[in-house]
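Based on these hints, arrange chain B on the given structure of chain A.
Protein chains: 2
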Amino acid sequence: MKAIAVEPGAGEPVLVEKPRPEPSSGEALVRTLYVGVDGTDHEVIAGHHGQPPDGEDRLVLGHEAVGIVEDSNGTDLEEGEFVVPTVRREPNGANEYFERGEPDMAPDGQYAERGIVGAHGFMAEYFTSPAEYLVPIPERLAPLGFLVEPISITEKAVEHAVASRSAFEWEPESALVLGNGSLGLITLAMFETVLDIDRTYCLGRRDRPHPTIDLIEDLGSTYVDSRETPVPEIPAVHESADLVYEATGYAKHAFETVDALAPNGVGVLLGVPEPWEFDVDGGRLHRELVLHNKALLGTVNSHRGHFESAVDTLSQLPESFTDDLVTGVYGLEEFEAAFETGDDIIKTAVEFGSA
Amino acid sequence: MKAIAVEPGAGEPVLVEKPRPEPSSGEALVRTLYVGVDGTDHEVIAGHHGQPPDGEDRLVLGHEAVGIVEDSNGTDLEEGEFVVPTVRREPNGANEYFERGEPDMAPDGQYAERGIVGAHGFMAEYFTSPAEYLVPIPERLAPLGFLVEPISITEKAVEHAVASRSAFEWEPESALVLGNGSLGLITLAMFETVLDIDRTYCLGRRDRPHPTIDLIEDLGSTYVDSRETPVPEIPAVHESADLVYEATGYAKHAFETVDALAPNGVGVLLGVPEPWEFDVDGGRLHRELVLHNKALLGTVNSHRGHFESAVDTLSQLPESFTDDLVTGVYGLEEFEAAFETGDDIIKTAVEFGSA
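Residue numbers (the numbering used here), protein chains in the order written: chain A, 1 to 355; chain B, 1 to 355.
Isolated chain A (complex conformation) (with noise of 0.2 Å):
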């Protein structure tokens, strides 16, 4: 069977014969239709995050997968039903938070994640998978499938963001999304459409005309130009806003954030930068933290659980935002195009095979 692998660092991914899986008790095989391309693929092609399973030298890309089951091999799945696999796996052997359904909680070492780091990606026309990890997704969402794991790590984040404020009354009435990706703009759609969010804001550093500023106001939100107002001048142009999400991996906006919230409100930190040293007030930011009863979270992948809300959430995403989010679907004779990098080039994803 063909699957995109990289040499990580090599700089671009290429296409590689590579023999059907075999799926193991428990597992089922699956047959892929499509997987998307994030951040984190591009930054697993330049070498700067992952690494291929032990022994290899190359990764098979892909964490963002909707397939068919070919073979359900005796598990509870149905041959022919439609499932979108999770990221996080066991590394050698299970752990507690595998164990207890919480493979998003594991620290550093204790999981592999398929695509990324220690395991193969979906990337390839079958993979397998033990059937707890692939989550059942109806036949008409299939063919945008591939967002259930971008989307599922937004319903983690804002999970924790509710919980870490359920100690008393809050009602977010507005929020702010810092960062203009696919992610961004995913998230700024759950805010709108579906936590239904009185008040939304986009912030990204691009001139207009740009398809995403249109994207966002498209939404009924408002685009604000980074490079006009800064992070901490929002709640004097705009307003503070009850929930920030971060989805830069700019270390400042992280610390920034603290002035964006209302009282009481909570940000979500989901970047992963590099070390990089600067300087805070930090007086100042620890002061209004705790006068304004603020909270900073950070949080990485989801589960399954999160994975079953992104589908139910995918249900509810406007046709019309999905179909300028999605600005090209490639079959694997033309993949290399759904790696390009562009301004007009929003979301992407690889097709290899049809329903």
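Keep in mind the hints are simulated off the structure, nothing from the lab.
Fair warning: there could be bad hints in the mix.
[Claimed, not checked] Beta-carbon label-pair distances, calculated as ranges:
1. A:S166 to B:P107: 15 to 21 Å
2. A:E43 to B:N95: 44 to 50 Å
3. A:A355 to B:P107: 48 to 54 Å
4. B:E79 to A:E173: 41 to 47 Å
What you are looking at is a predicted structure, and each value in this text was computed from that prediction instead of being measured.
Note that CB positions come from ideal geometry on N, CA and C, so glycine has one too.
Chain B only, in chain A's frame:
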């Protein structure tokens, strides 16, 4: 009646004569028994924090009180009942935070704090209060009733910390208290004896022998001298902490908390520092928050529910601990002694009358 008041910035409180207050409708008249002294009082005395009611030069001090209902004035309280007052009051008319019983979540300007900002405190022979802000306490606990307010601060902080980790399985086994002032020590005792956290650590910067170090070790906790083991080195020298409680007001500790935390841990920040710029490795801290699902929460003040929990907690604190914690209770004729600071002084109170 006699009261202890201060002209903010004057540097020392004085005994003044004031008329005994008359309870308005819905208020009870309370005869004061004891009022504790804490760091906030010292900041008010030094003029770093707080202000008298509008149009007055002097502020009656005291926000950690216990008293006995002298005149129930038609409220549901009973005369002779022992009560502890909460601290925040409506500033000028109610607002949503007070209406829903969460004055602790009110932002700046939407509250007065008795004995601190905009309202006289409880360091007077009598005070009045709306009955809803008077929390009953058993007679046998009344001699330590001035500890209920500081305990309530930690009740809230812990409630928010636990809520922030409620989206997953979280059972803290290790906790680190930054600061061995009276609030830090009270919190440490709560962690050890009420929350039953397996292993606790308390950071200070004092030489042995020192009464607070004895107190820490008598609780079964480990003293960490910050001059030998800076906060970021605590995980290597001792262990990382599932829960960090910052009670120093030293802004660098707020950021160092991220390094002291175990994966999926939460740091609660209580200190209120002045502005202070310094360098941080913001990239590394941001990354660490995200990849290990860490949380930082600011928290201030407490509401009636926290005071009720605090009464229960006070009943569970070992007498050996409170005996060592309270280093002096002084009558009105020697009230100045309660405001002295020094190496042998941990927690003091002024006695206004006997039960």
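Results of checking the hints against the structure:
no., hint, result
1, A:S166 to B:P107: 15 to 21 Å, "19 Å, holds"
2, A:E43 to B:N95: 44 to 50 Å, "47 Å, holds"
3, A:A355 to B:P107: 48 to 54 Å, "53 Å, holds"
4, B:E79 to A:E173: 41 to 47 Å, "45 Å, holds"
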